[in-house]
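The task is simple: from the sequences and hints, build the whole structure.
Line by line, the protein sequences give chains C and W. Residue 221 in this note's numbering sits at position 188 of the first sequence, and the numbers go up by one each step. Residue 203 in this note's numbering sits at position 199 of the second sequence, and the numbers go up by one each step.
Because the hints were derived from the structure by calculation, they are not lab data. Don't be surprised by glycine CBs; every beta carbon is placed ideally from N, CA and C. Mixed in with the good hints, there may be bad ones.
As the list claims (entries may be wrong) - Some but not every residue of chain C turned toward chain W, in silico, with C-beta under 7 Å:
#, residue
1, G470
2, R473
3, G477
4, R478
5, L480
6, A481
7, P482
As the list claims (entries may be wrong) - Sample of chain C residues lacking proximity to chain W, with all beta carbon distances greater than 12 Å (derived):
#, residue
8, L82
9, G252
10, R261
11, A311
12, T507
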Amino acid sequence: MALGDTAAETARHKERGTAAAADGPGGAARPGTGTGPGPGPDGGAQPGLWAAVRPLMMRLHFYAGVLIGPFLLVAAATGLLYTASPQIEQIVYRHELHVPAQSPSHLVPLARQVAAGKAAVPHGTLQSVSPAAGPTDTTRVLFSAPGVPDGYSRTAFVDPYTGKVRGVLTTYGQWLPVRAWLDTLHRTLHLGTFGRNYSELAASWLWVEVLGGLALWLGARRRRDRLRQAVLPRLRGAGRRRALSWHAVAGLWVSLGLLGLSATGLTWSDHAGANISAFRAQLKGGTPSVSTTLPAGHGASRTGGPSVGIDTVVAAAHRAGLSGVLDVTPPSAPGTAWTVQENTRHWPERQDSVAVDPRTGKVTAKLRFADYPLLAKLTRWGIDAHMGLLFGLANQIALALLAISLITMIVLGYRMWWLRRPTRSVGGSFGRAPARGAWRRLPGRVLAPAALFIAVLGYYLPLLGLPLLVFLATDLAVGALLRRRAAVEVAR
Amino acid sequence: VIASHGLRWILTALFAAVTLLSVVRAVRPGIPGPPAAAARITHVLHALMGVAMAVMAWPRGMDVPAVPQAVFFALAAAWFPASLVLGERRTEGAPGEQHPRAHVVSHALMMGAMAWMPLAMPEAMSGGHSSGSGAAAMPDMPGMSMSGSGGGMSMQLRGADRTAAVVLLVVFVLLGLWWLSRAFDAGRLVPAAPAGARGPAEAVAVGGSVASVAPVAARSLDEAAVRSPDEVAAVRGALDAGCHGAMALGMAVMLLAMV
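Now the structure itself:
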């Protein structure tokens with residue numbers, strides 16, 4: 034596609050001819066001819082490093098934009114749909130989620146609610162319980178069940194005032210079916226593990242595009258009104274310059290948000306996510322979990338005996354200071370504790386958890402979110418922000434604006450490419466691509482560490498490294514083909 | 005031994021490519037006269053080093069006897085200064101190369117490290133541990149379970165060996181960057197288009213090296229497509245330096261796995 038724009042490139046190089054000795058037929062500066070950062074033959078003043086880096090960065094930004102753009106566009110569009118999912122969920126599943134408020138004295142014991150849920154999912158195994166957090170909320174009782182996909186649950190929604198089940202849905206963690214469907218669409222396009230590569234590809238390249246675009250825009254030469262032109266879009270005029278202004282200014286304003294989305298998206302990607310997880314673990318920044326091991330001396334607890342029941346467990350958690358939305362998980366094995374964890378995702382601090390002895394009802398361990406390693410806190414906040422959970426509606430609006438901005442930038446990027454197409458040539462043709470050989474402007478002492486850095490980065494972010502490797506190989510092959518074609522012309 | 009499967013394959017591919025190029029260069033050293041023999045020896049040694057490095061990345065590589073390897077590469081390390089003493093100062097490199105002594109030091113250092121690594125590796129293996137799949141789940145975050153790509157054995161040196169490995173690691177990273185830098189600079193000398201498609205005359209200069217490309221008015225297709233001797237030398241110089249850089253950096257990765 035874009036690589037095929039070689040005819041236009043060749044034509045342009047021909048137009049330049051021999052006068053542009055510095056740009057040569059490869060479209061690149063010859064080393065040491067005055068356009069590179071090294072000393073020139075005339076010993077005159079040299080342009081800075083940026084002048085040499087810029088063409089290479091332009092080429093990277095162009096090709097990454099053209100080739101990765103569709104993936105980013107799909108991620109942004111599906112992400113935009115996802116931002117509205119909490120409201121859709123509240124409308125579509127209002128019967129399952131809500132009940133008329135009544136006096137707290139009318140609340141049915143939690144154990145009875147769980148039993149009702151169990152009856153509604155006959156072959157299910159209890160996974161966790163999320164007691165009604167507000168006066169109009171239902172209690173969610175989650176079960177693993179035969180035929181339910183991995184990661185999903187059968188969830189019974191129980192009226193806490195009557196103990197009757199209002200509905201059973203297949204959920205994905207906290208997500209009800211519509212949100213789970215949109216979530217999966219955003220993450221995998223419903224293509225399973227293979228589909229995760231699309232979102233990882235988008236996340237792996239988004240930050241490259243954002244940082245590269247920022248550098249190109251802020252490093253652009255401007256004769257007057259430099260600040261205004263950099264931060265405000267061009268309102269008048271038409272054509273490529275106006276599109277560029279809107280593309281770049283929008284990118285400038287949303288750059289921090291997009292970088293955040295890229296970073297958090299990578300943390301739960303398939304390949305890069307595993308590397309980041311290992312890296313976090315090495316830095317002791319992994320997400321901790323409360324110990325469910327019962328302390329020594331709880332002999333009766335280890336060997337069995339009557340359980341105090343879920344109501345006592347939740348009461349113990351409340352006494353320990355936990356509030357809001359709670360996830361109550363039964364012991365995973367005999368001799369281990371219940372865990373109760375705060376799960377109020379719209380408030381960054383409400384993530385404490387406790388372990389409760391099933392035989393005595395006493396709290397045996399407590400893990401405060403305040404005691405999490407900083408990296409774990411940042412990861413949690415970042416992920417919650419990416420999912421539109423942090424601070425509720427404000428987060429959703431911010432995400433929607435980011436998605437709209439990204440879609441606009443991508444469309445404008447393609448429009449700029451379209452506007453660069455040759456209009457006088459016969460037949461269809463793609464827009465002009467930045468010239469090949471831009472790397473020749475840079476000395477080895479700059480290229481070598483850059484190549485090493487990119488190789489290391491490409492290893493840890495495989496869907497950055499592999500596409501880049503494929504592109505470089507293709508580019509080399511195209512270069513060889515061009516050379517051959519030029520040789521034919523010379524021979525004629 | 006490299007624990008990560010992916011990295012193991014990457015290094016194997018890298019060392020295989022270096023070995024292949026070294027074999028090609030050993031067969032066709034591109035230098036006329038007596039220096040060709042010395043160049044062939046150098047390239048053969050590099051090819052063997054590539055093979056040994058690739059084998060070393062795999063667990064089965066631990067089955068290869070360490071002492072013969074150490075002896076062989078110690079002798080190989082001695083070859084490079086010996087070749088200097090014997091007067092073969094230009095054992096390889098593109099025309100205009102001004103640093104044969106530096107090259108010799110670099111090659112000798114790499115061969116020396118190759119002699120040391122098989123001896124140190126069993127100790128590193130005993131200091132390491134078996135790593136699992138690296139699976140790490142993120143509680144309460146649907147779809148965010150992560151599966152590690154590593155697995156297998158890991159290594160860890162201790163004491164003076166660890167210090168030596170760290171020093172060598174730093175040295176090889178710097179050496180690798182130096183070689184890569186030279187490779188890129190040599191690559192910049194390679195014209196992107198055939199001589200006839202360029203200007204009437206073109207002289208390029210980098211770091212004191214000069215390659216002149218004579219003007220060509222009309223040539224046959226084959227002549228135009230085939231690179232001039234200077235261009236061939238520039239390509240060869242870039243490839244050689246790139247291979248040395250890749251080998252040094254690959255060795256740095258192996259050392260990193262040991263510390």
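So, going through the hints one by one against the coordinates:
1. G470: With a minimum Cβ separation of about 5 Å from chain W (threshold 7 Å), the hint on C/G470 holds.
2. R473: With a minimum Cβ separation of about 5 Å from chain W (threshold 7 Å), the hint on C/R473 holds.
3. G477: Holds. Min distance 3 Å.
4. R478: 5 Å, holds
5. L480: 4 Å, holds
6. A481: 4 Å, holds
7. P482: 6 Å, holds
8. L82: Check passes; 15 Å lies beyond 12 Å.
9. G252: 23 Å, holds
10. R261: C/R261 is indeed farther than 12 Å from all Cβ atoms of chain W, at 39 Å.
11. A311: C/A311 is in fact no farther than 12 Å from some Cβ atom of chain W, at 6 Å.
12. T507: Consistent with the label, C/T507 stays out of reach of chain W, its closest Cβ about 16 Å off (over 12 Å).
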